[in-house]
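> Those sequence lines, one after another, are chains A and B. Mind the numbering: the first sequence is residues 1 to 114 in this note's numbering, read in order. Mind the numbering: the second sequence is residues 115 to 227 in this note's numbering, read in order.
I should point out that these hints are in silico values taken from the structure, not numbers from a laboratory. These numbers were taken from a predicted model, which means no experiment stands behind them. All C-beta atoms in this analysis are idealised placements derived from N, C-alpha and C, irrespective of residue type, glycine included. Heads up, a few of these hints could be off.
Cβ pair distances, simulated, as ranges [stated by the list, open to error]:
1. B:Pro196 <-> A:Gly77: 38 to 46 Å
2. A:Glu30 <-> B:Leu224: 15 to 23 Å
3. B:Arg165 <-> A:Thr20: 34 to 42 Å
4. A:Gly77 <-> B:His186: 20 to 28 Å
5. A:Thr112 <-> B:Arg222: 20 to 28 Å
6. A:Val50 <-> B:His186: 38 to 46 Å
7. A:Ser80 <-> B:Glu119: 16 to 24 Å
8. B:Leu160 <-> A:Thr112: 46 to 54 Å
9. B:Lys156 <-> A:Lys14: 25 to 33 Å
10. A:Pro39 <-> B:Leu160: 36 to 44 Å
11. B:Pro196 <-> A:Pro61: 25 to 33 Å
Chain residues, written in single-letter form:
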Amino acid sequence: NAGVTQTPKFRVLKTGQSMTLLCAQDMNHEYMYWYRQDPGMGLRLIHYSVGEGTTAKGEVPDGYNVSRLKKQNFLLGLESAAPSQTSVYFCASSLLAGAYNEQFFGPGTRLTVL
Amino acid sequence: GENVEQHPSTLSVQEGDSAVIKCTYSDSASNYFPWYKQELGKGPQLIIDIRSNVGEKKDQRIAVTLNKTAKHFSLHITETQPEDSAVYFCAASRMDSSYKLIFGSGTRLLVRP
Chain A
1 NAGVTQTPKF
11 RVLKTGQSMT
21 LLCAQDMNHE
31 YMYWYRQDPG
41 MGLRLIHYSV
51 GEGTTAKGEV
61 PDGYNVSRLK
71 KQNFLLGLES
81 AAPSQTSVYF
91 CASSLLAGAY
101 NEQFFGPGTR
111 LTVL
Chain B
115 GENVEQHPST
125 LSVQEGDSAV
135 IKCTYSDSAS
145 NYFPWYKQEL
155 GKGPQLIIDI
165 RSNVGEKKDQ
175 RIAVTLNKTA
185 KHFSLHITET
195 QPEDSAVYFC
205 AASRMDSSYK
215 LIFGSGTRLL
225 VRP
């Protein structure tokens, strides 16, 4: 049981390039989330999904797109990377979206945009 | 919008001493307050949580208190150990937007041996 895994662990992009971050979970969780973590700002929700085929915007969705084609996978895309998107990205999943449900986090992807 | 403020941003204590981290939330409808611990190079992990119908919860050396009137909640770690060194995040959430955890900015705790 690997929990939540993220690919890649590190990436350096040039401004304007595109990339996709992959999140996978093997816990059969319904809900999945993408956060970004910046110094002094905690974690901020980018997009989330309440089930296969569904996605919704979080606090800071601009410049990102997501897809949830399979229940176990949640993809985060950057179509045209900007230096402001330099951050550490975390994926999380939870069994249900209930407020009392624990979110399980992946190890993160460190992205640098030059 | 909803906001969670967390203090202090850094905290250094001697091994064996207690550590207290405080958070304030703005949304009076918030009713769930988890605390996450993030070790270097890893994702955050839930260590304890509290619901709005409870004033205090304890789990071994860790306790959380909630003051709904003042919209404050705190994490207390007693008998600190070097392995407690990490970044701690508080968060708040409410049932009707249950997907949305609003995180504080984090506290870097250093326990000196």
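> Are any of the numbered hints broken by this structure? If so, which, sorted upward?
Violated hints: 2, 4, 6, 7, 8, 10 and 11; rest satisfied.
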